[in-house]
Amino acid sequence: MRNISARAAMTRWTGFFGFWLLLIGLDPVDLAAGLFAAAAATWTSLHLLPPSGGRLRYAALAQLALRFGQESIMGGMDVARRALSVRLPLRPGFVVYPVRLHPGPTCNAFTTLTSMMPGTLPAGVDDHGALLYHCLDVEQPVAAQLAIDEGLLIRALGETHDDT
Amino acid sequence: MSLVLNIFTIIAVLAGTFFFLAGTVGLLRFPDTLTRLHALTKADNLGLGLVVMGLLPQAEWPFDVIKLIAIWLFTLLAGATVGQLMAQAARRGQPTP
Amino acid sequence: MRWVKRMTIPDFLLAAAVFVLVMVALGLVRILRGPTDADRMMATQLFGTGGIAALLLLGVAMEVKAVLDVALTLALLAAFASVAFVQGASRSDGDDPKETNSQ
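Protein sequence lines, in the order shown, are assigned to chains E, D and Y.
4 is the number of the first residue of the first sequence in this note's numbering; add one for each residue after it.
15 is the number of the first residue of the second sequence in this note's numbering; add one for each residue after it.
15 is the number of the first residue of the third sequence in this note's numbering; add one for each residue after it.
Bear in mind the hints are in silico, worked out from the structure with no lab data behind them.
Idealized CB from N, CA, C, for every residue including glycine.
A couple of the hints might just be wrong.
[To be verified] Where chain Y lies over chain D, by a calculated footprint (3+ residues, C-beta under 8 Å):
| # | segment |
| --- | --- |
| 1 | 24-30 |
| 2 | 68-80 |
[Stated by the list, open to error] Among the chain D residues that face chain E by a calculated CB cut under 7 Å, a handful are:
| # | residue |
| --- | --- |
| 3 | 16 |
| 4 | 20 |
| 5 | 49 |
| 6 | 57 |
| 7 | 97 |
| 8 | 98 |
| 9 | 101 |
| 10 | 102 |
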C-alpha cells in the first residue's frame, strides 16, 4: 500500500509540475515556486482522491477516448438537429439506470463521462441507488449505450465492479 | 501548406460557431430547465472543441498549442461536472419516476 | 465579393469571436427570463464555454498571449461558482448534501 501511494504521489507531482511549467514558462527564477506549488497540489489531491491501486489499461482508455470523441460529436449534432427543427422533436423524461459500479470515484467518473454523451444527463440517484438519467428522447436506446460506456470504463480503470 | 492549414481553421471555426448558434437556439426554445441544460452542455462543448481545433494551426508551438488543449480539456471536465450537479438541483422541482 | 479575397485569417477569427459573443448575449435572454435559479446559474456555463471560445478567438487573432491565461482563469472560476451554487441550493432546501457530494 505504501508503495502504491509513493508511486501515485510521484506521478501526480510530475503532472502538476508539468502543468505549472505550461502555465508559467521555463523561467528558472519561478521554478522554486513551481516545485512548492506542485507539492502542495499533490498533497491536496492525495487527501481528496486517495490512489485506488487499480492499474490503468491504456488500450481500453484509448478506446474510451475514441468513443467519447465520436459520441460528443453525435451528441452535439443531435441537440443541434432538435433545437433547429421547426417541430422541436423532444420526448424528454427520466430513465433509471441500475449502475453496477459502487458509489465512489469510479462511479463519479462514469456520471461525468456520460454527462457528455448524446441525449443523457445524469441527474442524481433514486431511492434504490440506481442512477437517474434525464433524456431528450426517451425512445432512444439510452440504457444500452450507458452499459457500453460502463463496461469500457471498468476495463480502462482495471477494476472489477465487485471489489471497491 | 499554410493555405491548407488556413482552410482547416476556417472550416473548424465555422463548424464551431454553428454549434454555438444551435446551443443558444436550444437554450431559448427548449421547454424546461433540464432540456435547456442539455442544449447548453452538449452543443456548446462541441462548439468550443471545434473552435480550439481550428485555432491550433494558428497558435505558437509548443506552449500556446498545449495551453489551448489544456483549456479545452479543463472546460470539458468542468462543464461535465457542473452539468450533472445542476441537473440534480433542477430535478428537485420536477416529477421523477 | 472582393472583400472576401482580402479577408485575412485574423479578420475571420475576429468575426467569429463577435458572432460567438452575440450568441452568448442572446443566451442571456434566457438567464433574464429564468424562471428557476438553475436557469439563471446556466449563465456561468454559458460564459464558461461561449465566453472562453470568444476569448481564445480574440487572443489568437490579435496575438495577445495573456488572453489565453485569462481564458484559463475564467474556466476555473466558472466551475467554482457553479459548484458553490449547487451546494448552496441543496443546503437551503434542507436536503441531505451527501447526495451532491457522492455524485
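Each hint tested on the structure:
no.: 1; hint: 24-30; result: holds (count 4)
no.: 2; hint: 68-80; result: holds (count 4)
no.: 3; hint: 16; result: 26 Å, violated
no.: 4; hint: 20; result: 23 Å, violated
no.: 5; hint: 49; result: 5 Å, holds
no.: 6; hint: 57; result: 5 Å, holds
no.: 7; hint: 97; result: 5 Å, holds
no.: 8; hint: 98; result: 4 Å, holds
no.: 9; hint: 101; result: 4 Å, holds
no.: 10; hint: 102; result: 4 Å, holds
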